[in-house]
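Protein chains: 4
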Amino acid sequence: MPKSPIVETNHQVMFYDSDAAGVVHNIAYLRYIEKNRTLLGVELGLDYKEMSKEQTYGAVIRTEIDYKSPALLGDEIMVRGWLAEIGKVRFWCAFEIIRTEDQSKLVSCKQQLALVKMPGGKPLRLPAEWREGFNNG
Amino acid sequence: MPKSPIVETNHQVMFYDSDAAGVVHNIAYLRYIEKNRTLLGVELGLDYKEMSKEQTYGAVIRTEIDYKSPALLGDEIMVRGWLAEIGKVRFWCAFEIIRTEDQSKLVSCKQQLALVKMPGGKPLRLPAEWREGFNNG
Amino acid sequence: MPKSPIVETNHQVMFYDSDAAGVVHNIAYLRYIEKNRTLLGVELGLDYKEMSKEQTYGAVIRTEIDYKSPALLGDEIMVRGWLAEIGKVRFWCAFEIIRTEDQSKLVSCKQQLALVKMPGGKPLRLPAEWREGFNNG
Amino acid sequence: MPKSPIVETNHQVMFYDSDAAGVVHNIAYLRYIEKNRTLLGVELGLDYKEMSKEQTYGAVIRTEIDYKSPALLGDEIMVRGWLAEIGKVRFWCAFEIIRTEDQSKLVSCKQQLALVKMPGGKPLRLPAEWREGFNNG
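In the order they appear, the protein sequences are chains U, V, Y and X. FYI, in my numbering the residues of the first sequence are 755 to 891. FYI, in my numbering the residues of the second sequence are 755 to 891. FYI, in my numbering the residues of the third sequence are 755 to 891. FYI, in my numbering the residues of the fourth sequence are 755 to 891.
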């Protein structure tokens with residue numbers, strides 16, 4: 755069974771997250787997810803501040819996101835993120851976004867990433883200990 | 755064979771589209787795509803300004819986006835969008851983003867949408883003539 | 755001497771806050787400030803979720819912002835906001851943004867606001883008790 | 755009398771520009787202004803793509819922006835920008851945003867900038883010919 759830290763981040767929906775339809779804009783959820791993913795990376799030993807000094811970055815290769823129910827202005831929401839799958843150079847993170855008040859699930863999302871070295875964008879092998887730890891977990 | 759208008763929109767990559775990795779941020783492409791999709795809707799007879807007066811909106815239900823190659827600050831890019839599939843209440847749009855200079859494909863994306871009536875978010879049947887025109891096209 | 759609650763909000767600089775110059779983008783600070791201002795409003799009795807049900811909003815009339823020193827990817831920063839001045843229909847909030855690590859001041863900002871009733875945007879008189887409490891404070 | 759190119763850029767207000775108050779969000783106008791300013795820079799000989807290869811950037815030092823009347827979803831708006839004042843290392847740009855349909859002025863804005871060399875952020879002397887051309891204009 756794979757093991758991953760689970761990271762939970764909280765937001766209160768602001769005007770800049772909403773749009774004229776009166777709900778959170780579909781793009782804003784991806785900002786919430788990015789914050790969660792970045793802190794998940796930190797838990798996994800990927801310090802984005804340090805990495806960026808060496809021009810190494812976690813690059814999103816694919817996003818799949820399902821919008822089930824909209825969040826509204828002022829809602830308290832929680833993003834839960836974890837590492838879902840690890841290959842040699844690519845890995846998947848999974849996320850769900852939940853409204854705190856009624857625990858309804860608003861969004862599910864999966865993102866495939868690679869660690870890339872800039873400039874050029876060459877993908878790096880994922881840390882062996884990290885991969886093994888996960889796959890033997 | 756389905757018929758759809760094809761809408762092309764152009765952007766020049768600005769600082770606010772880029773991030774500290776020196777490339778366009780993964781979320782910014784979805785802003786480009788939203789503009790394209792909105793104008794595609796106008797071509798299809800969905801005037802978003804008029805619709806919003808009746809609190810009817812095109813709601814994104816699912817996004818799938820593949821990031822193939824990054825755009826850079828100052829790049830000229832083109833988004834091409836079209837209607838890919840129509841059901842009774844849901845439809846898919848497809849998009850590709852191309853760097854003008856070398857015609858390289860940077861991004862492919864599919865989005866599933868429904869027309870919803872707010873507040874409440876009840877999905878509306880898609881216009882019959884629109885669906886038939888497409889499916890008989 | 756005027757009295758105001760002082761609200762402090764904290765952020766860790768994410769990729770979406772940064773740009774290709776390697777620093778936080780000038781617009782991103784205004785998102786940090788908006789969150790602070792919204793929570794300051796809550797402290798002052800302006801519940802933005804409730805207000806928006808009555809289509810009453812705090813509208814920014816003017817922003818003055820000075821950028822002194824840039825925040826960098828991964829920096830921990832703190833926004834401090836307070837009510838600086840109250841008139842009959844307009845009020846000023848003031849903000850400063852500080853990097854936690856070295857306590858350096860990155861940004862100062864003032865924003866003038868009014869409470870407006872939408873649609874139409876008619877400005878409302880500010881709550882008398884709020885104004886008096888502040889001016890007699 | 756100073757001479758400056760005048761740059762006009764056009765936008766159609768999208769959902770991502772709007773918020774739950776039903777109007778364009780105060781921060782979105784600054785994105786419109788940044789695009790205008792960037793293209794104004796190009797007119798003035800400051801090619802931001804070339805400059806960024808040498809890590810030279812136009813850094814915003816101060817923004818003053820007055821919100822007079824809100825733009826609405828679907829509005830066609832025009833940003834007009836010009837160089838307003840030049841010193842040895844700092845310069846001011848001025849902007850106005852106008853709704854095309856009724857020519858009403860929605861926003862006025864001034865921004866003070868410097869050209870800075872990163873990393874470090876040392877301000878550069880402005881190009882002499884550029885300064886003289888302007889001041890003798």
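I should point out that these hints are in silico values taken from the structure, not numbers from a laboratory. Don't take each hint at face value.
As the list makes no split between identical chains, a pair holds if one copy fits it or if it spans any two.
What the hints assert, rightly or not - Here are the simulated DSS-like cross-link-like pairs (lysine-lysine), alpha carbons at most 25 Å apart as the crow flies: (1) Lys876 - Lys757; (2) Lys864 - Lys807; (3) Lys842 - Lys803; (4) Lys842 - Lys871; (5) Lys757 - Lys807; (6) Lys822 - Lys871; (7) Lys822 - Lys864; (8) Lys757 - Lys859; (9) Lys807 - Lys871; (10) Lys822 - Lys842.
Quick rundown of the hints versus the structure:
1. Lys876 - Lys757: Result: close neither inside a copy nor across copies, 27 Å intra and 39 Å inter.
2. Lys864 - Lys807: neither (27 Å within a copy, 34 Å between copies)
3. Lys842 - Lys803: Classified as within; 23 Å inside a copy, 35 Å across copies.
4. Lys842 - Lys871: Answer is within: at 15 Å inside a copy they meet the 25 Å cutoff, but 39 Å across does not.
5. Lys757 - Lys807: neither (29 Å within a copy, 42 Å between copies)
6. Lys822 - Lys871: between (35 Å within a copy, 15 Å between copies)
7. Lys822 - Lys864: The answer is both: 14 Å in one copy and 17 Å across copies each meet 25 Å.
8. Lys757 - Lys859: within (23 Å within a copy, 36 Å between copies)
9. Lys807 - Lys871: both (11 Å within a copy, 18 Å between copies)
10. Lys822 - Lys842: between (32 Å within a copy, 18 Å between copies)
The structure is inconsistent with the numbered hints 1, 2, 5, although it conforms to all the rest.
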